[in-house]
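Everything in the sequence shown is counted per numbering that gives the first Met the number 0, starting at 0 for the first residue and increasing by one.
Treat the hints with care, as some may be off.
To be verified - Computed cross-link-like contacts, DSS-like style, restricted to lysine-lysine with a CA-CA straight-line distance of at most 27 Å:
| # | residue 1 | residue 2 |
| --- | --- | --- |
| 1 | 383 | 129 |
| 2 | 308 | 327 |
| 3 | 308 | 233 |
| 4 | 327 | 129 |
| 5 | 249 | 327 |
| 6 | 249 | 308 |
| 7 | 233 | 249 |
Said to hold, decoys possible - Have a look at the derived ranges for each label pair, beta carbon to beta carbon:
| # | residue 1 | residue 2 | range |
| --- | --- | --- | --- |
| 8 | 386 | 238 | 53 to 61 Å |
| 9 | 317 | 238 | 29 to 37 Å |
| 10 | 149 | 59 | 15 to 23 Å |
| 11 | 386 | 291 | 49 to 57 Å |
| 12 | 333 | 244 | 28 to 36 Å |
| 13 | 377 | 244 | 50 to 58 Å |
| 14 | 238 | 305 | 20 to 28 Å |
| 15 | 228 | 135 | 26 to 34 Å |
| 16 | 128 | 175 | 12 to 20 Å |
| 17 | 277 | 342 | 52 to 60 Å |
| 18 | 334 | 25 | 40 to 48 Å |
| 19 | 216 | 149 | 37 to 45 Å |
Think of the hints as simulated: they come from the structure by calculation, not from any bench.
For glycine and all other residues, C-beta sits at the position ideal for the given N, C-alpha and C.
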Amino acid sequence: MSTSTSLCAVFEPGVGASSSGRPSDPLLSRVFPAPPHPYRTPYQRDRDRIVSSRAFRRLAGKTQVFTSRASDHFRSRLTHTIEVVQIARSVAAALGLNEDLAEVLALVHDIGHPPFGHAGERALDRCLQKHGRRFDHNLHALRIVEHFEQRYAAHRGLNLTLGVREGIIKHSRDYLAFDHPELAEYFLDQSPPLEAQIIDLADEIAYLTADLDDGVESGLLEIEHIRENVRILKRCYNTVEREHPGVEAKFLFNEALQLMQNILTNDLIENTRRNVAALGATSLEAIRRHPHRLATFSPEVESERLQEKQYLYDTLYTCEALEREHDKAEEVVTALFEFWIENPDQLPEGYREEIEAEGLARTVADYIAGMTDAYILLQYAQVKRFVRR
Numbered sequence: 000m001s002t003s004t005s006l007c008a009v010f011e012p013g014v015g016a017s018s019s020g021r022p023s024d025p026l027l028s029r030v031f032p033a034p035p036h037p038y039r040t041p042y043q044r045d046r047d048r049i050v051s052s053r054a055f056r057r058l059a060g061k062t063q064v065f066t067s068r069a070s071d072h073f074r075s076r077l078t079h080t081i082e083v084v085q086i087a088r089s090v091a092a093a094l095g096l097n098e099d100l101a102e103v104l105a106l107v108h109d110i111g112h113p114p115f116g117h118a119g120e121r122a123l124d125r126c127l128q129k130h131g132r133r134f135d136h137n138l139h140a141l142r143i144v145e146h147f148e149q150r151y152a153a154h155r156g157l158n159l160t161l162g163v164r165e166g167i168i169k170h171s172r173d174y175l176a177f178d179h180p181e182l183a184e185y186f187l188d189q190s191p192p193l194e195a196q197i198i199d200l201a202d203e204i205a206y207l208t209a210d211l212d213d214g215v216e217s218g219l220l221e222i223e224h225i226r227e228n229v230r231i232l233k234r235c236y237n238t239v240e241r242e243h244p245g246v247e248a249k250f251l252f253n254e255a256l257q258l259m260q261n262i263l264t265n266d267l268i269e270n271t272r273r274n275v276a277a278l279g280a281t282s283l284e285a286i287r288r289h290p291h292r293l294a295t296f297s298p299e300v301e302s303e304r305l306q307e308k309q310y311l312y313d314t315l316y317t318c319e320a321l322e323r324e325h326d327k328a329e330e331v332v333t334a335l336f337e338f339w340i341e342n343p344d345q346l347p348e349g350y351r352e353e354i355e356a357e358g359l360a361r362t363v364a365d366y367i368a369g370m371t372d373a374y375i376l377l378q379y380a381q382v383k384r385f386v387r388r
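Please construct the entire structure, taking both the sequences and the accompanying hints into account.
Here you go:
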């Protein structure tokens, strides 16, 4: 934090980061007061609580883009999360931010996702809309850490710090207080701290790299086609090809992916630093007051990022093979949702007890959202046998 290249060149040490670490810091407060730990910071304790949670472990069995049924080598939600953590900590360290907070927000950023990736989320949202509700994985993540996880004798939930709970809901989008009065304590009229802002972009860096890699691994994308059609990858590939003449294409591709990730990460660090310096921000309050996010890519790299995202959408995410997977996922989620709506007595006892407080539709959605890909397919098979009886 003392290097001249960090945000501490702008901020006084401990001021630019979202938490000073002082016990009186409101971002370190918990719903249920807890005594300080002699060796771990509050955010380190939050990290350990998340890593020990059942919801975090289940990420190993949830789809990122490709299901694990096709190959053991594809990223799951868990391996993707680990990659996001690596990037987020690097960015936070370079900017002089609170690395512990950045780490814990990266660890928890996908914990609210249902099975089958975005296809599962779309299906669950459509099911809930028929009952006047919506599904949002950020808000569901907050429900997980505040309510569903039950590990402690004195309270429900993980009892995370306010700083982490705020980051869970605000790392990737902004919520309006008018639409979400239940989120009033999370400073909805202010921008999130930089540690939260960098998570969404660390997430993008991770999947922009990984999805090209997994796409080639799956056989759905070809290296040469990527090289010719993804601008940022093309310039990276040309660079590594000059450095490693005559090397096999798959190794050049791997080198190009690493270089691309470095370019994106470095650009995020440098452009965020420029944005903060241009604003003249010297405190967290100045970051919060600014109406726009300061963690951004430069215009050139942002253009390349958007072009790659469009390429992935056109050639991978909407390809016939994955669309079949998506259709199957939506069929499974919808069928199970409708079955439990019509047969609430078939829900596990713990979920039946939640119906009065949460409503049947939300309770069914909560049950489905917590499942892994393998478990929801098992439930689907069992329900089909039940219906045939």
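Here is how each hint holds up against the structure:
no., hint, result
1, 383 x 129, "23 Å, holds"
2, 308 x 327, "24 Å, holds"
3, 308 x 233, "15 Å, holds"
4, 327 x 129, "20 Å, holds"
5, 249 x 327, "32 Å, violated"
6, 249 x 308, "22 Å, holds"
7, 233 x 249, "14 Å, holds"
8, 386 x 238: 53 to 61 Å, "58 Å, holds"
9, 317 x 238: 29 to 37 Å, "30 Å, holds"
10, 149 x 59: 15 to 23 Å, "20 Å, holds"
11, 386 x 291: 49 to 57 Å, "51 Å, holds"
12, 333 x 244: 28 to 36 Å, "53 Å, violated"
13, 377 x 244: 50 to 58 Å, "51 Å, holds"
14, 238 x 305: 20 to 28 Å, "21 Å, holds"
15, 228 x 135: 26 to 34 Å, "33 Å, holds"
16, 128 x 175: 12 to 20 Å, "19 Å, holds"
17, 277 x 342: 52 to 60 Å, "59 Å, holds"
18, 334 x 25: 40 to 48 Å, "45 Å, holds"
19, 216 x 149: 37 to 45 Å, "38 Å, holds"
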